[in-house]
Amino acid sequence: MEETTLDTVSSATAKKPRSQAYYTWKRLKRNKGSMAGLAILTIYFLLMLGANLLYDYKDVAIKQNIPARLQAPSVAHPFGTDESGRDVLARVIHGSRTSILISVAAVLVAMVIGGALGAIAGFYGERLSNVIMRFMDVLLAIPATLFAIVIVSALGTSVSNLIIACSVANIPKFARILRSSVMSVRNAEYIEAARALGARESYILIRHVLPNSISPLFVQLTITVGTLILLLSGMSFVGLGIQPPTPEWGAMLASARTYIRNYSYLCFFPGMAIMLCILSLNLLGDGLRDALDPRLK
Amino acid sequence: MNQNDAVTAPSPMDSLELDIRDLRVEYRTMEGTVYALNGIDLQIPKGRTLGLVGETGAGKSTTGLAIMNLIPSPPGVIVSGSIFLGGESILKKSEKEMNLIRGNKVSMIFQDPMTSLNPVVPVVDQIMEVIEHHEKISPRESLPKALEMLEMVGIPRNRAHEYPHQFSGGMKQRVIIAIALACSPYLLIADEPTTALDVTIQAQVLDMMRELRKKYQMSMLMITHDLGIVVEICDLVAVIYDGRVVEHGTLRDIFINTRHPYTEGLFNSLPDMENPKAELKPIPGLMPDPTRIPTGCPFHPRCGYAMDICAKTRPSRYYASTEHYVECHLYDEKTVVSGGRIKQ
Amino acid sequence: MNTPLLEVKNLKKYFKTPNGMLHAVDDVSFTLERGSTLGLVGESGCGKSTTGRAILCLTEPTSGQIIFDGQHLMKLSPSELRRQRQDMQIIFQDPYSSLDPRFTVAQAIEEPFRIHKLIMDKRERHKKVLALMDTVGLARRLINSYPHELDGGRRQRIGIARALALGPRFIVCDEPVSALDVSIQAQILNLMKQLQRELGLTYLFITHDLSVVRHFSDDIAVMYLGRMVEKAPTEALFAHPLHPYTKALLSAIPIPDIDRRTERILLKGELSSPIEPAKICRFSNRCGECIDLCKEEEPLMHEVSPGHFVSCFRASGY
Chain Z
1 MEETTLDTVS
11 SATAKKPRSQ
21 AYYTWKRLKR
31 NKGSMAGLAI
41 LTIYFLLMLG
51 ANLLYDYKDV
61 AIKQNIPARL
71 QAPSVAHPFG
81 TDESGRDVLA
91 RVIHGSRTSI
101 LISVAAVLVA
111 MVIGGALGAI
121 AGFYGERLSN
131 VIMRFMDVLL
141 AIPATLFAIV
151 IVSALGTSVS
161 NLIIACSVAN
171 IPKFARILRS
181 SVMSVRNAEY
191 IEAARALGAR
201 ESYILIRHVL
211 PNSISPLFVQ
221 LTITVGTLIL
231 LLSGMSFVGL
241 GIQPPTPEWG
251 AMLASARTYI
261 RNYSYLCFFP
271 GMAIMLCILS
281 LNLLGDGLRD
291 ALDPRLK
Chain X
1 MNQNDAVTAP
11 SPMDSLELDI
21 RDLRVEYRTM
31 EGTVYALNGI
41 DLQIPKGRTL
51 GLVGETGAGK
61 STTGLAIMNL
71 IPSPPGVIVS
81 GSIFLGGESI
91 LKKSEKEMNL
101 IRGNKVSMIF
111 QDPMTSLNPV
121 VPVVDQIMEV
131 IEHHEKISPR
141 ESLPKALEML
151 EMVGIPRNRA
161 HEYPHQFSGG
171 MKQRVIIAIA
181 LACSPYLLIA
191 DEPTTALDVT
201 IQAQVLDMMR
211 ELRKKYQMSM
221 LMITHDLGIV
231 VEICDLVAVI
241 YDGRVVEHGT
251 LRDIFINTRH
261 PYTEGLFNSL
271 PDMENPKAEL
281 KPIPGLMPDP
291 TRIPTGCPFH
301 PRCGYAMDIC
311 AKTRPSRYYA
321 STEHYVECHL
331 YDEKTVVSGG
341 RIKQ
Chain L
1 MNTPLLEVKN
11 LKKYFKTPNG
21 MLHAVDDVSF
31 TLERGSTLGL
41 VGESGCGKST
51 TGRAILCLTE
61 PTSGQIIFDG
71 QHLMKLSPSE
81 LRRQRQDMQI
91 IFQDPYSSLD
101 PRFTVAQAIE
111 EPFRIHKLIM
121 DKRERHKKVL
131 ALMDTVGLAR
141 RLINSYPHEL
151 DGGRRQRIGI
161 ARALALGPRF
171 IVCDEPVSAL
181 DVSIQAQILN
191 LMKQLQRELG
201 LTYLFITHDL
211 SVVRHFSDDI
221 AVMYLGRMVE
231 KAPTEALFAH
241 PLHPYTKALL
251 SAIPIPDIDR
261 RTERILLKGE
271 LSSPIEPAKI
281 CRFSNRCGEC
291 IDLCKEEEPL
301 MHEVSPGHFV
311 SCFRASGY
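Line order of the protein sequences matches chains Z, X and L. If you read the first sequence in our numbering, its first letter stands for residue 1, the second for the next number, and so on. If you read the second sequence in our numbering, its first letter stands for residue 1, the second for the next number, and so on. If you read the third sequence in our numbering, its first letter stands for residue 1, the second for the next number, and so on.
Hint data in this document are derived by calculation from the structure and do not stem from the laboratory. In this text, all values refer to a predicted model and were calculated from it rather than measured experimentally. Treat each hint with caution, since some may be false.
[Said to hold, decoys possible] Dumping the calculated SDA-like pairs for lysine to any residue here, alpha-carbon to alpha-carbon at most 20 Å:
id : chain 1 : residue 1 : chain 2 : residue 2
1  : X       : 281       : L       : 122
2  : X       : 281       : X       : 308
3  : L       : 12        : L       : 316
4  : L       : 122       : Z       : 144
[To be verified] Taking beta-carbon pairs under 8 Å as the criterion, some of the chain Z residues facing chain L (in silico):
id : residue
5  : 16
6  : 17
7  : 22
8  : 26
9  : 153
10 : 154
11 : 156
12 : 186
13 : 190
14 : 199
15 : 216
16 : 257
17 : 260
18 : 290
All C-beta atoms in this analysis are idealised placements derived from N, C-alpha and C, irrespective of residue type, glycine included.
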């Protein structure tokens, strides 16, 4: 009898089963800013992949060509040439590999470690939370740049050390964000509902708490990639980052500084590359935050 | 619709505090147009209380907001119709003019007392603010008035300077009522004022509202889903379904001489007081999707008496008396008086 | 079969607050027969929801005994308790917040099986989900919908399906219809009654709505500030309310009938604080029938007529 009292009004057929990712993508598509950001990032990504096809690393991006130094942008060199006669466009494209790869890797490391610590701190009781978070506070109290400089000068400059240096300083940020997000989800009624069904705590954490609290982390991720590109530039600037002649955006900016008066394009193009990259990451991050909320259609 | 308009108001215009005619409100969103009010008519004579009864999505709250001219726009659009407050049309008023009307002529209390008060301002200051704004007087003059208002709703003077979080839910709702009545409005719109309160507190608040209504000679629009509250405080009842009044009448008309199948269904959904163990007879199905209104009578998919014509044309309005009318194909001009239904 | 399904003895649940112990549930005892419904009534803050959760050990009781079908629940290990949950379930008040927004209807309903690793075969599980959806009256086409796409009544049906999935014998219903519209309320109440008849379920029905509880329960227990103040068979309670609080509560219900206006007992004031309450009658400050003794001692539950218990010095049998 009850079956007939409901849903007799319309008799549409069942919707296709769709994953969360499908709906997230559908919602993201509606946000024009994010789509623009995503498009730009795709271009960066393709350039990163195809860098060697466009410009040979050894012959164009590294090899000095003193006679052709400091040329203004032209058809042959769209971004001009630098103080050693290397094509700036080629260096910007090859530089994206180092800049983006290091910062993305560092962010992912920070997110995994910080996220795990934050989730545990937020989900399991006050005592454990206190221990973890006070340690995080100590890390947070040290300025990120200083911290990175200390680590690199202690361990030496290499790509892996740079990744470690950049990630450690960012772990507390991720831990804090996920912890507060987990703590608000932890008390939701559907968590109690799962417990009432007899679910283990670890199951609840993985199946219910994390999926519902992780979206602020993605936003933080996109923002942090931006700041890390800047941090890397800063490191190169003080000579502790990527060593010349390896192309890297920050290093390029640092060496171009000397010529800013007469050859401003040397600063302009790497600067633009950094700015566009960060801008599009932030646009994407904003859109992702909204798109990850299942309650929005 | 013209046919409905031909049968005009049962009482002359000047004695009506509120007069809504054929009001249509839509919310135009990305997902489609929500038809919230579909030609609603409401009249409240001076000094009387009308209960607006309906379920979620029937358009109760939209009606209240429309009277305050507070429909969020976008996405809200007033498509047609008129609202007269004390004989004055309000839909054409500017925001500045409306600000003077709100509070002075019409006030509204909302369902949730927890979110309607500013948490960082002492309650007495919140009342003074309203009085100062409308009567253009100084704090020195408004303070005694505010204290008097609080006393009237049963909050002692020594608690007037406390903050909202120091009050219980019932006390907060009293403060909100005091704010609403601070400038003695002619019409009070109460949107589910006691839903968030416990029954014994609800009884206190309803009791107080009855007294204040008498004292101020106010008219009231009581928006509720609880037929028990309607009995407590209303003179007239309008049952709305899908943004339209489907039955209207005095308490006796609605509770004893019920005509519309939806009204009947609402009563059958409640446990019977005489026979509390009898099985409930719920209305089958759900409220229609407000973006896709059924053709004809909007209630026909859930109606046990539905006939062929119900799916095709909107029923006209039939008057059993000057105040009791119903919009249903089961009746015609004659049978609506006796209550006999047209056989299929 | 003659033993009661559930026996609660001297159940207490205190919460620590900066101002002292909050006595949410204070010394509550009752028994629940198989297949019956006990209505637990009271106003917000009286401890009725906490009682429901403490019985299921969702919040750990401070002291007392909970004997479910001969088992002392408070003595079980965590894993034994998890297994025991197959037998005792809960339906929540708010179908908006008690469902994970990221789970489809199918995922939500099959979750109990996943948790207990019961039906491992995917197709079997799908069949079982469809069967449960039929039982609670959810159209099969909604199987891949998300909760936010559904109205309150349908969501509450999902909650009921989840509770039923493991075949429990006892269900705590925590205000299952108070978030729903009147016509939908009646649909859900009828469904729950029908399920009780067909499956022999035992309910603890927690609500503030006295007309609903009268329709639904065999016995009613009234709570005030953490204490149970009166317990009686439903009709006896409505015919002879003995505790002054029960009387006030009953008279405060707005009755949708214009010819039955009851004389109203208006209570003075509001709830007193549940933090470290004095050892006197907790209702004495609002009670119209209060005598000196009420402010000196705390009344105990005693039987005044067969099956009718009350904790008031002034109550007598009828």
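Those earlier numbered hints the structure runs against, lowest number first: 1, 2, 3, 4, 7, 8, 9, 10, 11, 12, 15, 16, 17, 18
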